[in-house]
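A.B. asks: Residue numbers (the numbering used here), protein chains in the order written: chain A, 1 to 262; chain B, 1 to 259.
Hints are computed from structural coordinates only; laboratory data are not their basis. By construction, the Cβ of each residue, glycine as well, lies at the ideal position given by its N, Cα and C atoms. Do not rely on the hints blindly, as some may be mistaken.
Sample of chain A residues at the chain B side, in silico, Cβ under 8 Å [said to hold, decoys possible]:
#1 Leu-159
#2 Glu-161
#3 Tyr-166
Simulated crosslink set (SDA-like; lysine to any residue; CA at most 20 Å straight-line) [what the hints assert, rightly or not]:
#4 Lys-169(A) to Gly-89(B)
#5 Lys-169(A) to Gly-71(B)
#6 Lys-248(B) to Thr-229(B)
#7 Lys-169(A) to Arg-120(B)
#8 Lys-169(A) to Asp-171(B)
#9 Lys-169(A) to Ser-121(B)
#10 Lys-57(B) to Asp-171(B)
If you anchor each label on the Cβ, the simulated ranges turn out as follows [unchecked claim]:
#11 Phe-33(B) to Ile-84(A): 35 to 43 Å
#12 Ala-76(A) to Glu-184(B): 51 to 59 Å
#13 Arg-100(A) to Pro-236(B): 56 to 64 Å
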Amino acid sequence: MSAVIHSRSGSRFFREIVPWLLPLVLVIAWQIFTAAGLIPHRVLPSPSEVLEAGFRLTLTGELPLHLWESSQRALAGLLIGGAIGFFFGLLNGLFGPANRVFDSSLQMLRNVPHLAMIPLVIVWFGIGEPAKLFLIVIGVFFPVYVNTVHGIRSTDTRLVEMGRVYGLKPWELLWQVVLPSALPSILVGVRYALGIMWLTLIVAETIACDNGIGYMTMNAREFLQTDVVLLGILLYALLGKLADTITRALERWLLRWNPAYR
Amino acid sequence: MLETTLVDRGAIEPASKTRGGVDVQTRGLNKTFGDREVIRALDLRLNPGELVAVVGKSGCGKSTLLRLISGLDEPSAGWIEIAGSRLSGLNPHARLMFQDAALLPWRSVQENVALAAPRRSRRTQIAADALEHVGLQDRGREWPSVLSGGQRQRVALARAISSNAKLLLLDEPLGALDALTRLEMQSLIERLWLERGFSAILVTHDVEEAVALADRILLMASGQVTFETTVPLDRPRDRSSPEFTELKETILERILGDR
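Given the sequences, and given the hints that come with them, work out the whole structure.
C.D. replies: Structure below.
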């Protein structure tokens with residue numbers, strides 16, 4: 001997505017490299033400060049130590065296991081919650097009566113912070129896998145739902161009428177006109193949902209769990225392994241960034257017809 | 001005279017079996033929105049292959065008339081006959097063209113045109129032919145967003161002809177174009193109409209456009225036809241001829257005189 005006002009400038013290489021400069025400077029500063037002993041080791045171990053912890057845990061097989069568990073959990077929650085959100089969004093966006101039945105109740109539920117449900121969720125599901133999945137599903141549901149409804153509602157009626165005049169069947173109208181037109185909005189919902197997905201995952205895994213990155217960091221805290229705690233935090237940042245990059249690439253490809261995404 | 005033109009062009013026209021237009025009649029047509037009567041007891045007749053222009057001030061019901069004939073809106077009273085049978089639901093023969101081209105931005109130019117081609121036909125080939133007719137044969141792979149306004153309307157025209165429309169409803173299709181492009185598009189519309197022989201209703205603000213293209217001109221005011229004239233000029237029409245100017249002046253005076 002190019003900025004709206006500023007035209008693009010600089011070479012492609014320059015544009016690719018710029019976003020990484022600030023994180024790089026921060027890491028270098030961090031290394032210098034810790035190596036010089038300006039920050040106590042207990043408070044903040046140096047980047048190289050964090051990296052070392054990463055290597056160590058990878059070799060023992062601990063890190064890949066936790067990473068796998070967390071990703072699986074996040075993805076399953078995203079798929080289930082996203083699918084339900086998309087379904088209700090489609091239903092309520094297309095059919096007025098359905099919207100009248102469901103929307104106000106859903107809007108009411110939306111205003112309950114889903115993390116406030118944790119005590120209830122523990123009572124219902126215990127501290128097993130379903131509890132975590134449930135939390136992610138609820139968290140992911142709403143942004144996908146709201147943006148799908150919005151996207152479908154803002155379809156240009158001109159295009160729908162054109163499709164009808166040219167004899168498109170209802171399902172063709174949906175597939176050729178309504179869904180593509182709602183797609184930019186739906187993808188915004190997905191990106192937003194990704195943020196909530198990681199947030200929920202972290203909270204769920206730190207509260208009650210015996211695997212996953214959240215568990216790994218909480219466990220490390222008990223043994224005062226600050227390097228592993230930092231490793232966990234950095235992993236969340238990287239995973240979040242990775243998910244966002246994938247969605248952006250998806251956006252650029254799916255919306256390549258739209259000059260704003262080229 | 002029209003017939004001979006059609007026969008002459010028959011050789012370069014593969015879709016000749018589907019050429020021709022339908023006749024349209026409205027009987028006591030009425031359309032109200034709330035308590036506002038937009039169309040009032042309208043009786044009009046469009047002969048097969050005829051090109052009728054409807055002129056009038058904005059808000060006189062011209063666009064509503066087209067929406068009723070296309071079947072997008074239902075009349076409040078009265079009915080419409082297409083080729084002798086009463087219209088209910090969408091009009092299968094009609095193709096509507098708006099001021100903006102209404103192309104699907106997420107489909108390539110060629111896919112947009114192919115969308116309208118009949119099912120179970122060689123859609124890609126038909127679309128390519130139609131694009132060639134409007135002079136855009138090498139833009140088929142591009143996105144609509146890179147085309148100019150005039151080019152987009154050409155694509156919309158190509159889409160209309162690729163569906164073998166027998167009735168073209170043109171709702172100020174050239175209203176948003178610059179003067180030069182408009183002239184070009186007018187002769188393109190005339191050429192396609194002569195080749196294909198569809199019936200057409202052209203709603204326009206531009207009296208000159210109406211006189212240049214139409215067989216007959218209807219003047220609408222507050223939901224009724226208040227004036228009607230045939231255009232007895234030979235095609236292609238010479239816009240600088242005294243007859244052309246005179247007819248244009250007469251119609252303009254009628255429009256301005258209507259209260």
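A.B. asks: Checked against the structure, which of the hints given earlier come out wrong?
C.D. replies: 8
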